[in-house]
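Trainee: Protein sequences, first through last, are from chains A and B. 1 is the number of the first residue of the first sequence in UniProt numbering; add one for each residue after it. 1 is the number of the first residue of the second sequence in UniProt numbering; add one for each residue after it.
The set of hints was computed from the structure by calculation and includes no laboratory data. Some hints here could point you the wrong way.
If you only want the chain A side, here are some residues facing chain B, beta carbon under 8 Å, derived [claimed, not checked]:
(1) D126
(2) G133
(3) P137
(4) T182
(5) D199
(6) G391
The calculated label-pair distances, taken between Cβ atoms and stated as ranges, are [said to hold, decoys possible]:
(7) A:E83 <-> B:R179: 18 to 26 Å
(8) A:N396 <-> B:T15: 35 to 43 Å
(9) A:G480 <-> B:P86: 35 to 43 Å
(10) A:R321 <-> B:A21: 54 to 62 Å
(11) B:I237 <-> A:R373: 57 to 65 Å
Reference listing, derived: stretches of chain B covered by chain A, where coverage requires no fewer than 3 residues with Cβ under 8 Å from a Cβ of chain A [unchecked claim]:
(12) 39-49
(13) 74-88
(14) 261-269
Every residue, glycine too, gets a C-beta built ideally from N, C-alpha and C.
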Amino acid sequence: MYRRLMQCLVRGAAAGAVSAGLLLGTPALAARTDIVLGIRLEPPHLDPTAGAAAAIAEVVYNNVFQGLTRIDRDGSVKPSLAERWDVSEDGKVYTFHLRQGVKFHDGTTFDAEDVKFSLDRARAADSVNPQKGLFEPIETVEVVDPQTVRITLKRPSGNLPFNLGWAAAVIVAPESAADNKTQPVGTGPFKLAEWVKGDHVTLVRNDDYWGEPVALEKATFKIIGDPTASFAALMAGDVDAFPLFPAPENVPQFEADPRFTVVVGNTQGKTVLAMNNGRKPFDDIRVRRAISHAVDRQALIEGAMHGYGKPIGSHFVPQDRGYVDLTGKYPFDPEKARALLKEAGAENLSVQLVLPPPDYARRGGEVLASQLRNVGISVEIVPMEWAQWLGEVFRNKNFDMTVVSHVEPLDLDIYARDDYYFGYRNPEYRALYERFVASTDENERLALLGTLQEKLADDAVNVWLFLLPKIGIWDARLEGLWENTPVPANDLTGVKWRE
Amino acid sequence: MLTFLARRLASLLVTLAVASAVIFAVMEVLPGDPAEIMLGTNARPDTLAALRANLGLDRPATERYVAWVSGFLQGDLGRSYTYSVPVGELVAQRLWVSLPLAAISLLLTVLIAIPVGAIAAARRNRPVDIGIMAATQVGIAVPNFWFAMLLVFVFAVSLRLLPAGGFPGWGAGLWPALRSLILPAVALALPQASILARVMRSSLIDTLGEDYMRTARAKGLSRSEAVRRHALRNALIPVLTIMGLQFSFLLAGTIIIENVFFLPGLGRLVFQAITQRDLIVVKSVVMLLVASVVIVNFLVELAYAAVDPRLRRRA
Chain A
1 MYRRLMQCLV RGAAAGAVSA GLLLGTPALA ARTDIVLGIR LEPPHLDPTA
51 GAAAAIAEVV YNNVFQGLTR IDRDGSVKPS LAERWDVSED GKVYTFHLRQ
101 GVKFHDGTTF DAEDVKFSLD RARAADSVNP QKGLFEPIET VEVVDPQTVR
151 ITLKRPSGNL PFNLGWAAAV IVAPESAADN KTQPVGTGPF KLAEWVKGDH
201 VTLVRNDDYW GEPVALEKAT FKIIGDPTAS FAALMAGDVD AFPLFPAPEN
251 VPQFEADPRF TVVVGNTQGK TVLAMNNGRK PFDDIRVRRA ISHAVDRQAL
301 IEGAMHGYGK PIGSHFVPQD RGYVDLTGKY PFDPEKARAL LKEAGAENLS
351 VQLVLPPPDY ARRGGEVLAS QLRNVGISVE IVPMEWAQWL GEVFRNKNFD
401 MTVVSHVEPL DLDIYARDDY YFGYRNPEYR ALYERFVAST DENERLALLG
451 TLQEKLADDA VNVWLFLLPK IGIWDARLEG LWENTPVPAN DLTGVKWRE
Chain B
1 MLTFLARRLA SLLVTLAVAS AVIFAVMEVL PGDPAEIMLG TNARPDTLAA
51 LRANLGLDRP ATERYVAWVS GFLQGDLGRS YTYSVPVGEL VAQRLWVSLP
101 LAAISLLLTV LIAIPVGAIA AARRNRPVDI GIMAATQVGI AVPNFWFAML
151 LVFVFAVSLR LLPAGGFPGW GAGLWPALRS LILPAVALAL PQASILARVM
201 RSSLIDTLGE DYMRTARAKG LSRSEAVRRH ALRNALIPVL TIMGLQFSFL
251 LAGTIIIENV FFLPGLGRLV FQAITQRDLI VVKSVVMLLV ASVVIVNFLV
301 ELAYAAVDPR LRRRA
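All chains, please: the whole structure from these sequences, using the hints.
Mentor: Printed below as a string of C-alpha cells:
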C-alpha cells in the first residue's frame, strides 16, 4: 500500500513537472543565454597572477582576464590585448602593438603602462607569481607610447609570445591589482557578478567589451567535488556542461544518451612514473630501463582510467607540433626487465611508491605496483596528501618513485633544471635545450623538440605513462566549448546555444 | 552558587589556554607548507620566500603564537592564506549553514530520542522495547556518512524528492535552503538519537524503581502522572550530560557530513583548509569549536544546577 502510494506521488510529481515544462517551453524558443558549468575544485581565489591552482584559470582565463597573447583551443598563440608584435633580427627585442579602446571592468583605460606594471610586478623581487620563471628571460619592459611596449630579453627566447599567453601573465591594472583575488578586474568579455563560497561563481557579460560580443549573458561555475554527484547533476540537468568530467566509469551512460555530447580530448597532463635519478638504484640506467620494460601501459590505462588516456613515450603530448612517437621504445617485456635488473645487480629490489591524492595516481599506482612485483620488485605503496607530497617528494626529494601528472604545457625545461625533484642531470640534454630556447627558426625548433624527446626516452629518466584525458560532457545543444585543454581554461568567448 | 560559578569559569579559561597552545603546536609540526600549496610546482624559491614573508610565516613561532592569541582575544581571527579574506568573515558565512544544520539535528535527536526512550522504558522487555533496542543498536553501529549515502540513494537518486547535495543559499528562499539541509540533518541525528534514546530508557527505568516513585503512587498519583511529575525530570539529568557531549559530536560530524553533501559549512571549510594548509583558518576555526564545546559543557553544568538544586548547594 505504502509503496503504491509512493509510486503515485512520484508519478504525479513527474507529470506535474512535464506539464510545467511544456508551459515554460513555449517562450524558450529563443536560444538560451546562460550556462551552468560544473567544476570539481573551487578556486581558492580569482587572481591567476598569485596562485597556481588550475581552478583559478578554469574560471577567469580569457573570460575575465586577458594577456598580451592568448593560447587558443588548438594550443596555438593568438593575438589578444596585443594586436601584433615584431621581433628584432637577433631575437632579443619584441615590440608589442596594443589594441585601442580597451577598458578594464572598472572603467579605467588599458594602455602600455598597464602592461609594464603587470610584467614588472610579476618579475619583481617580492613577486608571488606562481610562474615567475616565465618572465626570467626579460631584461626590461619599456613604454614606447601608450599603444606600444618594447620588451628586451637577456637572451633570445622563441617561447616569449607563448609564455605571455599563460594565465599567470595576464594584464592587470595598478588601481585594482591588489584586490583581484576577491574582486577581479580584467579586460575580458565577462566580469564577476557573485561568488557564493563553497557553491558557485557567477560571471556576467561585460557590455563594454572591446572584442566581438559574446553570446552568453551569464555563466555560472558550480562546484561539485564528488564524481557521483557530478553524474547526478548532469543527468538531472542541474548543470549544462562538465568540461572536465571526473568519473570515466560513467561515460558510456552519457554516450548512450542523445541529450549529451561526449568529447574525449587531450589535456597537457603527462602522467609519469617518476624515479629518483639521484638515488640508488635509480641512478643506474639499466634499472630505469628495466622498469620501463616492466610497465604495461595498455593494461594500466584500462585498469586505472577505464581505457581513456593516450599512451606516451616521452615528456611530450601527441597533439603538439614536434611530437615524436616513442611509445615503442621500451615495449612491455617482463623477461627483458628481469634480465636488465639482474645485469645491474638489482635483484630483490624493494622500493617505495608515493601516491598523491588524484584518482589517476591512486588507481594507477596500484596497477603499477602489481606490474613491478611481476618482475620481482617489491613495492610498498605510500599514499600522501598534496601538501605532504610537495614537501617530501618535490622539495626534499625524499622518495624512490611517485606517480604524478605534469600539466604545464611545453615543459621540457624541467629536465634541464638544476634541482628538480627527479634529479636528472645531463649536460648533453641541457646543451640541447639551450639551443632550442635560443632558436627562433621554426623548423630548427621542431627538429630540436624531437631530439629532446628522444634524448629523454633514451635515458629512461622516468616512465612516461599516458596523457590525462579531458572528458567533456555537455548538453548536445551547446557549441563552442573546448575539446582539448592546451592550458587550464574554460574559454567561453565562442560558446553559445543552438537555436 | 557564586563560588560554583567562579570555579567552573576558572577551569573553562585554563582549558581554553591549554587548547590554544596545543592547536598551535599541532599546526606547527604538521608537514606541508602553505606557500608551496598556493604556488604549485613551478614556483621559484625566491617567489616562495616572498610569499612566506607576505603571509608572515617567516617570523618566529612564539611571535606568531602571541599575535594569533592576542588577535583572537580582540575578535580578529586572522586572514585566510588562500582566500585572502578575514577568517571571521569566512566563519560567519559558513555558520549560516552549520548552525542551522546542527540545530535541526539536535532538535531531531531530542524529538526522536526522548519519546522513543520513554516508550521503551514504559514497555520494558515487551516486544516494542526489544524492537526499539534492536533499532537503536543498528543506529549506533552504522557510521553516519554511510547512512548519508544511503539516504542520498533513496531520497535523491531514486525518489528525487530531495537534492543530493549542495546548498542554494538562504537567498534562494527558506524552503529550498531547508530542503537541502533535511537529509544531512537526518544523517547526523539518527546515530545520536539512538544513543540518546538508550540513555533515556535506562535512566527512566532507574528512576521508576526509586522509592519516591512508590511514594508518589502511594499518595494517589496515577502512573502516568507520577512519571510526568517526578520520574521524567530526574531521568533527564544523564540525558542532559549526554546531549552536552553530543553537541561536540555534532560539530565534528558536520565535517564528514558536509563533505558528503557538499554543504559550504564550517566543517567543509576546515577540511579544505587542512588540505590546502590554510593553517590560520584551521587554527582559528578549531579554536572556535573548542571554545564553543567548552562553553556548552559549562552551560550544561549550569543546567544540572538548575535541574538539581543539591549540586548548587554542594558547590
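Trainee: Evaluate each hint against the coordinates.
Mentor: Against the structure, the hints come out as follows:
no.: 1; hint: D126; verdict: holds, 5 Å
no.: 2; hint: G133; verdict: holds, 6 Å
no.: 3; hint: P137; verdict: violated, 13 Å
no.: 4; hint: T182; verdict: holds, 6 Å
no.: 5; hint: D199; verdict: holds, 5 Å
no.: 6; hint: G391; verdict: holds, 5 Å
no.: 7; hint: A:E83 <-> B:R179: 18 to 26 Å; verdict: violated, 52 Å
no.: 8; hint: A:N396 <-> B:T15: 35 to 43 Å; verdict: holds, 37 Å
no.: 9; hint: A:G480 <-> B:P86: 35 to 43 Å; verdict: holds, 39 Å
no.: 10; hint: A:R321 <-> B:A21: 54 to 62 Å; verdict: holds, 58 Å
no.: 11; hint: B:I237 <-> A:R373: 57 to 65 Å; verdict: holds, 59 Å
no.: 12; hint: 39-49; verdict: holds (count 8)
no.: 13; hint: 74-88; verdict: holds (count 4)
no.: 14; hint: 261-269; verdict: holds (count 6)
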